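S.K.: Could you put the whole structure together from the sequences, leaning on the hints where they help?
Listed here are the chains, written in short residue letters.
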Amino acid sequence: MSKTEARKLRPELYPKLRDLTFGFVRDLEKCMQCGKCVGACPAAALTTYNPRRMIHNIKAGNLEEVIESEELWSCFFCSTCYASCPRDINFPFTVAMLRYASIYAGYGVEYVKKIIPYAQDYYRRGLTVLQPEKNPLVIGRRRANSGTSGQMADIREQMGMPRERKISAEALAEVQFISDVSGMTKLMKDMLKRRDAGPKSRDRIEKVETVKSREGKFAGFPKEQENA
Amino acid sequence: MRKVGVFVCHCGTNIAAMVDVAKVVEESRDLPEVVFATDYQFTCSAPGQDQIKDAIREHNLDGVVVAACSPRMHEPTFRNAVAGAGLNPYLVEMANIREHDSWVATDRDEATRKAVDLVRMKVKKVAKLEPLEEIRLPVTKKALVIGGGVAGIQAALDIANTGIDVLLVEKEPSIGGHMAQYDKTFPTLDCASCILTPRMVEAAQHPRITLHTYSEVAEVSGFVGDFEVKIRMRARSIDLEKCTGCGDCLEKCPVKVPSEFDAGLADRGAVYRPFPQAVPNVPVIDREHCTYFLKDGKCGICQKICPTDAIDYSGDDEIITEKVGAIVVATGFHFFDAAKYTEYGYGAYPDVISWLQYERLTNASGPTGGKLKRLSDGKEPETIVFIHCVGSRDPSKGFPYCSRICCMATAKHAVIARSKLPNAQIFSFYIDIRAAGKGYEEFVRRAIENEDVQFIKGRPARVLSKNGKLIVRSENAFTGRPMEVDADLVVLTNGAQAQDDAPELALILGIGYDQYGFYTELHPKLRPVETNRAGIFLAGMCQGPKDIPESVSQASAAAAKALQILSKGELAREPQVAEVNAMRCTGCMDCREVCFYTAIEEDEFMRRKVAKVNPGVCQGCGACVAHCPDGALEMKIFNDEQIHAEITGLFAVPSAGAAGGGGAARE
Amino acid sequence: MSSDYDPTIVGLLCNWCTYAGADLAGTTRIKHPQNMRAIRIPCSGRVSPHFLFTSFFQGADGVFIGGCHPADCHYTNGNYYARRRFALMKSLLDFVGVEPERMALEWVSASEGDRFAEVVTKFTEGVKGLRRPSALKRDGLES
Amino acid sequence: MPRPEVMERIPVDDEYFLFRSCVASSKYPGMESATKEVFERIGVGLTESDDQTCCAGFITFTSVAEVTATMPAVARNLSIPDAAGLNTITMCNGCYTFLTEFGHFLQQNPPILGKVNEMLGMVGREYTGESQVLHMIDVLPKLKDRIAEQVVKPLKGLRLATHYGCHYLYGFKKDAIDDPFMPTVVEELIEVAGATPVDYPEARTCCGSGLTQVVIHKEELALPHMKKKFDSLKEAEVDGIIVVCPYCLTILDRGQAKMVDRGITDYDVPVLYVTQLLGLAMGIDPVRLGFGANVTSAKRLLEKVEKLGGANA
Ligand SMILES: Cc1cc2nc3c(=O)[nH]c(=O)nc-3n(C[C@H](O)[C@H](O)[C@H](O)COP(=O)(O)OP(=O)(O)OC[C@H]3O[C@@H](n4cnc5c(N)ncnc54)[C@H](O)[C@@H]3O)c2cc1C
Ligand SMILES: Cc1cc2nc3c(=O)[nH]c(=O)nc-3n(C[C@H](O)[C@H](O)[C@H](O)COP(=O)(O)OP(=O)(O)OC[C@H]3O[C@@H](n4cnc5c(N)ncnc54)[C@H](O)[C@@H]3O)c2cc1C
Ligand code: SF4
Ligand code: SF4
Ligand code: SF4
Ligand code: SF4
Ligand code: SF4
Ligand code: SF4
Ligand code: SF4
Ligand code: SF4
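Residue numbers (my numbering), protein chains in the order written: chain U, 1 to 228; chain Z, 229 to 895; chain D, 896 to 1038; chain F, 1039 to 1351.
Everything labelled a hint here was simulated from the structure, so no lab data went into it.
Please read these numbers as outputs of a predicted model, since none were measured by experiment.
Just so you know, even glycine gets a beta-carbon here, dropped at the ideal spot from N, CA and C.
One thing to keep in mind: the hints can contain errors.
What follows is a set of in silico ranges between Cβ atoms, one per label pair, in the way DEER data are often shown [stated by the list, open to error]:
1. Z:D714 - U:K189: 40 to 48 Å
2. U:K189 - F:I1302: 35 to 43 Å
3. F:I1302 - Z:F706: 44 to 52 Å
4. F:T1085 - Z:F706: 51 to 59 Å
M.R.: And the structure:
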């Protein structure tokens, strides 16, 4: 989509894509290209991102073009488009699915790599957003506002709360166990590998096939539990 | 036993080339019922028909089988032929040995065998046929038209002009419908009241039309040609005869209610008439708001004022019963509730208005005298935005269908805006422009090219209010970029939907309606004004969104259909109808559930409840017959015995030795 | 029983669609197997269950019912009733040993002469494929 | 306008399970503290549990962990209130979305639910789906009368704007307690607190993060967007912004500071969680409401409130 050369529509690809992603792509068939989402969309107001156009491109079979685009990563996930859409198309959810597709196809890792530590925190500590604050500006402002050190533990204490939110040891063990058997741990490791490997070569059609085989994996995820 | 004659046609070589006609004749003769069998080159020709007539007379035949082409082609021909010889026309059957046999077979023996089978089956059926008479129904020469909009008025006038009496029932105090609210009409921009009011007056003064305004249909019974209707005439509280329409009472009523006719832009009293040219020009007292009725006789001002003593608070609703032969339904539409679009701020921002409000704002006889101004501060708008498809093409908030008229009405509104405000900026945001009609596309082009209206593709997402301006946020799909317009006035084209009470009226009338409440026609292409109930016809918006030209054409079509019934003294129709055997019927009424035409009613037989088929209404589909758990229903021409005779006839090969029988014999 | 099994099929065809479709197959001369003997009925909704039973007891090898396509019924919804009843009849006949291949309910419109020939051919081939008469006919012959 | 049919479905219990939010616990703990104080005053119990972890929505919707892999984590968290027989109140739009959507998904996919419960069974838990997941602003409007009784310090003259956040009203456009484009539930709560709700054109516009933009993408998308929102707010001249989601709070609060630091704007409007506002009106000590965690200063607002207190006392 960021490309400017004329592209051939690939309608023959669309039927392959339709059944991916929990039916979200199929839902796009309802789109009547009215543009109401675009008028509502904060990302469209600021960039060349255009959900209506993106939907049309997917329906035309050009999924690869979408998943390799940078625009796919511009969506704010605000759901304003969904709230506005006369056909109840949940586009942000579709975007989420397409982003997985993008990552599996080797395109989007760069956009999510900053999140990976959060996922690791979830695994290790049961929380994705942890307490320690490193930004000196934030701490400084807080110090000025609260009359404490500006450190969260002190502010919590001031309110009579424990200095840190606790997650019980049992809970942590459970979370880790469940993460292992459900395949989530493996997924996170895969993500790390992808991050370290960097952007991959872009053999598009093959990538689409990869997305499809991921779907197959979904149906089979309880199997991994048996292996565990 | 029946004496059946068999006539096998060659159809030139069409049949004879593939079927051994002589053999078919020969085999037929072996059947015990057959007393005469012969063949002929062209049985449908005049000499061919004569051959049949002669045989009937000569051999005293009381049943005829013509083995020839499809009955869909020549059944009427041969029915007429046998009738010509004095035989009941329902005692003839056709064996289809051309379309179903000679034309599709590849083997002469096989084709001949099949022809023999088909003839035998028909002979067995004919043996079970019974003489029937056409059904004749009396007709009451009077029509009922429900709804007095432009469609209802047209239908009433068309019928009345042929000299037949018409009752025109209108719910509101005046006839006229929605068209009476408009200033101009697309695509010609003629003045709506100039063309409508004369017709309203004509209807009111027509010697053959009886107007019942402020009235509703409460009950309909009977059937085509002979309906009985109960009409509830709401208490008007003002004597139609005494009132001169002077309007003195209107001035003094202390009650103020938003006027429905002015779309809430002006007030009316509890005693009111919707608009000055109302027909009849006699006010009503709206008892839900009148102080006299709300507070036990307090007020009474209007009565004191009335110079002709026309006001009477005592009357009650009245029910009258009338007989009619046909009914035209023309109850029209109403508007989608724009307040459901909170993103557009209707109801929250005074300068976001509905298109009906816009019609009233631009109407020379409207509350502003036709001056187009903002409701908030009375200023002339410098920028006007129209938003299409509000409530239409929107299954999320409204309806999935296209309201069909609003693209055109919006083009009209934009052109009217231009004529009033030469310097204004006018935007019209649409998804697609639907302008399929004579002169319609040209009209839209005129708005774009000559009147400088900006049509922008994109459905707006939000209307925000900021410092007295309205910000319209939308995509401009031509550029693929979002855009904003600072508007002074936003007009929502909140589409058309079926009347809220449409399903209730459908129930009273026994007609079908779709999931949106629009009444369903019998066939979308070939029977567009008929309903599933014979004798009830549709006209105008009550059947689906349409513009005035279409509403009026449909009204004339409905009138013509009604006149097909009303112009006759009697209705005749094929006796292919169902009939209940009351002895067997247990009164479960399961059959009523499956009858799409509501032809089945409850009846009493030997002090038991039983079902009864109304032959005037039954269309002869046979669904009920197959459905009845007790085998109590039968159907003429296609009764169980007759169909069984055909089936068993296929396997009833005359004698074991005879060649060429059905499958069973070939075992 | 062998491959020269030549079944007899009873056709119950709705006047408005399938019967007319069969007419069109004729008008356009589309050849197809001639095992079926068509009976004209007003609507597929007219088909009573006992029409099928009678047919099979009398010796039919197959019964073919033809109606209008969904939403196209001349009487609006007769074919829906047909469909519902047909499912019921099929399971009943299955119970007494009549193979499902011997019964079909097909939608053929008045303009589908080719489709008529096609479905009738398919149906006839299906019945032929069974290679012997239905259980009801065999039992009937024994008794 | 609130939707009566949804209102009707919201249960009023004596005790709820309070689903803690990571963002709230670690960035704005005052939300938790204020919520507990307020509920105590209106006589509604809140149960918490250290067994409850993050909802896992963040890592899912940022495309790090696949939807189906986090399903058991959702079920595990909800098995806690299930076991306690309590309905769940979430404080965060994100937690609400994730728990609700995935709860629905599990309920509608019995085979997956079965597998998930098998896994939970291994750690001695079960997800029944009996605990109804509610949003804070589902419950507070139902308790409006009790809240009004506890208001000792009506915040007269305080001009407050609202920001509902997208993930509740927009994401649940037909099932949320209020209309997505013209909601009034929080405005009504502001009135209960004695303050004046103020409308501004960009009121229903996203905070600018939309979950991912400030973290995984570049700020150049989020900041200009935020500027638009704050420009509109500035014209409305408000004393504070009321939010119903800790993530909105984070973004609006820190985003403001960031923009000041970069010289884009010069606002300093405090952002308050809805129970922090109610806490002020109930006369709860501001220290216990945790404004110290704010990056923008709540000082001016608190001074105003202080003065009011004197006048009212
Ligand atoms: C804003 C707007 C502008 C339009 N402009 C144009 C235009 O410029 N040109 C054009 O061709 N078309 C236009 N149309 C379309 C036009 O309004 C319709 O085609 C036309 O009014 C349909 O006429 P009708 O008689 O079917 O329905 P209506 O006009 O709705 O009349 C129905 C009548 O039936 C009465 N009624 C309802 N229920 C009952 C009941 N149960 N018992 C008794 N009476 C009942 C009603 O009170 C009403 O009087 C416009 C439509 C809109 C909404
Ligand atoms: C490609 C196409 C597809 C369509 N599909 C649909 C569809 O799916 N559904 C639908 O609703 N509509 C469809 N339509 C529209 C439909 O064809 C017309 O609405 C319909 O045919 C109009 O019927 P008519 O009787 O007015 O005209 P016609 O069908 O044109 O009939 C006019 C008749 O008058 C005869 N005639 C002409 N001049 C004279 C003369 N001087 N003297 C004597 N006889 C004369 C002609 O020979 C002809 O037989 C379609 C149209 C097109 C072009
Ligand atoms: S609002 Fe919905 S229907 Fe309209 S263009 Fe966007 S996704 Fe398509
Ligand atoms: S969810 Fe994404 S596509 Fe939808 S309006 Fe928000 S930013 Fe635009
Ligand atoms: S009696 Fe009723 S209608 Fe008459 S003036 Fe009084 S309020 Fe008006
Ligand atoms: S004052 Fe009397 S005569 Fe005049 S309009 Fe009113 S009711 Fe009729
Ligand atoms: S006529 Fe035009 S404005 Fe009306 S619903 Fe159809 S497309 Fe929309
Ligand atoms: S289904 Fe048969 S038994 Fe029942 S009411 Fe109808 S006719 Fe009588
Ligand atoms: S044959 Fe058809 S139309 Fe007649 S009564 Fe029976 S179901 Fe109704
Ligand atoms: S406003 Fe921002 S943080 Fe709040 S719900 Fe919306 S996207 Fe999430």
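S.K.: Which hints from the list above does the structure break, by number from lowest to highest?
M.R.: Hints 1, 3 are the ones this structure does not satisfy, whereas the remaining hints hold.
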